[in-house]
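Going down the list, the sequences are from chains S and Y.
Start counting the first sequence at 1; every next residue gets the next number (our numbering).
Start counting the second sequence at 1001; every next residue gets the next number (our numbering).
Hints in this document: simulated from the structure, not taken from any laboratory.
Careful, some of the hints might be misleading.
Claimed, not checked - If you want the ones that stay clear, here's a sample from chain S, every Cβ over 12 Å from chain Y, calculated:
#1 I116
#2 V123
#3 E155
#4 R167
#5 T180
#6 L252
To be verified - Some, not all, of what chain Y presents toward chain S, calculated at C-beta under 7 Å:
#7 A1058
#8 L1060
#9 T1064
#10 P1078
#11 R1091
#12 W1096
#13 S1109
#14 D1202
Only a predicted model underlies this, so the values are computations on that prediction, with no experimental measurement involved.
Beta carbons: idealized from backbone N, C-alpha and C, even for Gly.
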Amino acid sequence: MKATVVAGLNRGARGVGLALGLPVLLFTAWWVFSADSTSIFLPPLSRIVEAFGQVWFSEVFVRDVLPSLRRLAAGYAAALLVGVGVGYLVGRWSVVRDLTSPILAYFRVLPAPVLIPVLLVAVGIGDATKLIVIAVGAVWPILLNTADGVRAVDEVQLDTAAAYRLRAWTRHGLILRAATPQVFAGARQALGISLIVMVVSEMLMSTDGLGFTVIRFQRTFAIPEMWSGVLLLGLLGFGLAKVFETIERRALRWHRGATGREESW
Amino acid sequence: MSTDDALLRIVDLGKSYRARERTVDALAQVDLTVDDGEFVAVVGPSGCGKTTLLKIIAGLLPATTGDVYLAGRRVTEPPADLGVVFQEYGRSLFAWKTVRQNVELPLRSQGVGRAERRELVAEALDAVGLGQAADAYPWQLSGGMQQRVAISRAIAYRPRLLLMDEPFSAVDAQTRGDLEDLLARLWHRYAMTVLFVTHDIDEAVYLGQRVVVLGASPAGVIAEFPIDLPAERDQLGTRSSARFGELRAQVYAQVRRTPHLEEVAP
C-alpha cells in the first residue's frame, strides 16, 4: 500500500517535471538569447516581464482584463446553453435533424468574426455585440458534439428507461448525462474559439479589454507592453484549459471507469 | 377479457420488419399464456425473435398483428408491474450512478417516498447479496455482480411480471450457476411471475416450471414442456438426475428439429 503511494508520488513528480521541463527550457532560452537584443520589435524578455508587472498588476486589470473575462464568460455560457439545448433536440429527433442540417452545415463554416461588421450596424458597439459574436463562434462544436452524443446513446439504456417508466424529465436528464463525454469534447473546443473571438472582437470594436489594450500598445509603440499582453493571453488560455480539464476529469470519472481507463477495485 | 389465473396472455402475435424492399417476418402466430406466479422459460434457436417477443411484451415495440394482455389490460406502452433484466448488464445500468442510485431510480419516478424507497432498495440489495456494494459504481464490479444490480433493480420495483432476456449468457459458468440459483430463490421469495428467455436448453429446464420452444423465423410456439422436476432444485443433484436428462433431451430434439437461420439461408 505504502509502496504504491510512494510510486504514485514519484510518478506525479516525474509528470510535473516532464510538463514543466520544456516550457522552462524555452523560457530560459528566450531570456538568454533576447538579453542583448536591440531590435525595437523584439525587446529582451526581461523588459517584457518588467512591463508585465507594471501593466497588469495595476488598475488596468480591473479596467481591461475583467471586462474581457466577463464577455468571455457570458458568451461562452450562452454558447453552452444554446449548443446543448439545440444539440439535444437535433440529436434526439430525426425530423429536427433533417430540417436543420443544411443550415447547420452553412453556419458552422461561417467564420464568426465576419459577423462583427453586421452586428456593429445592427446591435451597436456595446457588450451585446461581443457576447453574440463569441457565442456564435463557440456554439457549433458544442451543438454538433452534443447532437452526436445524444444520438449515440445506447438503445439498451433507452429501453431500460422506458420499461421502468421513468419520468420524461428524468429520461431527458439520463440521455444528456450519457452524452456528456461528447458534450465536454465540444465544450473544450469551444473554449479555445471563445478566447480567439473575444480578442478579435475587442481588437476591432472596443474601447477596453485585452484585445483592445494589445492593439493600443502596438499603435503607441509600447512594444514590451504589447508583448506582455500576448503573454497574458497565453497564460489566460492555459489557465482556463486547466480549469476546464479539472472539471471534466471530475464529471467524466464514470466514463473513464466504464471504458476501462481507470482501475477497478 | 382475462379469465382464470392468466397474468400474461399473448394472442396470435406477429411482427414483421420492413428491410429495404422486402418484409421480414420475425414472429408469426405466437400464442402463449403465463399464469400468475409461474416461471416460464422460452428457448429457441439464436436469431429466432426471442428478444423481439420480449420487447413487444414490455411495450417497447409495437406488434404488427395480435395482442398482448398483462393482467387483463392490453399492452400498448410499457406497463406498470413489469420489470426487465436485459442481457447487456453493462449497458442497462447507468455508469455515472452508484449501485444504490441505479436501484432507486425507478422508485423515484414512481413517486415512492424517501423512507420507503430506502427500505426497498436496502432489502433488494441484500436479497442479491450486494448490501456492501451500494455505494460502488457499476463499472467497479464484476459482470456477475453488475447483473445482480440489474436484478436488484427489478426486485425493488416489485413487478408482478419479470422479463429476462438471456440475462446470464454473458457471465462465466460458475457465476452463471450462482445467478441461476439466486434467481430461483428470489422467485420463491417474492412470488413473482418470471418469463425467462434463453438459448441455453439446460438453463431453461433447470429453472422453468414450463419450457416453451419457439421455432425458427418467423417464430411461433412449436412446443411446450411442463417440467416436473421437484420444486427445490440444485446445480449438482438436479442436473445429474435422470429426469433432467430426459426433459433436456426432449427439448433439445424439438429445438434441433427447427432449422437454424443460417442453414435456411441459401
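Any hints from earlier that this structure breaks? Give me their numbers in increasing order, please. 3, 4, 5, 6, 9 and 14
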